[in-house]
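Colleague: Residues -24 to -1, 1 to 361 (mature numbering (1 follows the signal peptide of the UniProt record, and there is no 0)) are what the sequence shown spells out, left to right.
If you're looking for bench data, these hints aren't it; they were derived computationally from the structure. All clues stand as given, with none of them false.
Using C-beta positions, here's what the derived DEER-type ranges look like:
#	residue 1	residue 2	range
1	A326	V157	17 to 25 Å
2	S298	K141	50 to 58 Å
3	Q302	T184	48 to 56 Å
4	G39	E169	49 to 57 Å
5	P359	R93	20 to 28 Å
6	D315	L166	30 to 38 Å
7	T184	G38	54 to 62 Å
8	D216	K265	35 to 43 Å
Ideal Cβ placement from N, Cα and C applies to all residues, glycine included.
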Amino acid sequence: MKRFMFSVVLLLSCALILPASIFAQETIKIGFFAPLTGFAAADGTSAKQAVDLAVKAVNASGGVLGKQIELVSYDDRHDSKEAVAVANKLIEKDQVVAVASGSYSMPTRVTAPIFQRAGIPMVAGYAVHPDVTKAGDFIFRVGYLAEVEGGAAADVAVKLLNAKKLAVLTMDNDFGRSLAVAFKKRAEQLGAEIVSDNIYALGEKDFTPLLTKVKDANPELLYTSGYYNEAALISKQAKDLGLEAQILGEEGFDSPKFIELAGDAANGVVFTTNLNREDPRPFVQEFLKQYREAYGIEPDMVGASSYDAFMVVVEGIKQAGSTDAQAIRTAIANLKDYDGVTGKVSSFNAIGEVMKPVQVQIVKDGEFKHFGEIDDPEVITPPAE
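Required output: the full structure, derived from the provided sequences and hints.
Modeller: And the structure:
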């Protein structure tokens, strides 16, 4: 009996001196994943760096619900199997309350159903594939659905650039195919003609044969998809071939790496994106300034979109007043007029899609500049199912 009483007293004494974190979570864990290694590492690093800035800002202002945010991040390597493993770790091992995706369509698309089944809210930064939000009511997107961005690109081609004969060169993955379908559909609605339509494999280096086909079709504009590596190679090889068609890209072009790799060939390229670097709102300019000062490079759409995805999660926790996943999901679904770096989130629709204008940038003298904006409700309103 004495031995038993001694054990009880010892346990109680230890409880008084052990840190509170043993008994209650001191931080609020938010999950994050991005391609931090491999061919997409520059984009993944940009996403992670921007979210790190967001975490620092939130914690410096007192955190959320009286607790500091702990970012639990993983490298998905732009690999679907790795992304599935990451999702399971975040749910089972780390027990995060919500997740922000700083990754591409494929990793985000395969993880969305996993988070949905677990009842963990996820906000995607810039993945465009429609299946992302179709996973269920716990999944949201602050970037553009492919149907929106691809359709807006057609408006840029026909209405802003006055092109009627169009060529399409598509990267063969979820991202590229989804954009191309929307672009061609909207372009034909606007009375344009697709005179050349080709697909290339992810990782392609020599675009000369395909660009020669494009040149032979004599289009006024080439709409092409690709990440910064492909974007740079296409722009350089098109210039070397003497292709005179205007090049119109998408958000994959929105990286300092594109300008670095393409050099002079980047000048004059126009692309749709999620970030207006000349946005006059003070907090947008402050984000751009802080990013430049912290990392010594220009911020891009990937970073800005991931920043917004994370901050929407944080706002959801604040509005919920709780770390309960269902409460956070409901709060995010009910957000109204939330000001993001990439635009105002007026609301999320029934399937978690956001509506906001599509930004258009142009490269001038080696710098990204504002070119226009597509705000036609017919184009930027995402489908409700």
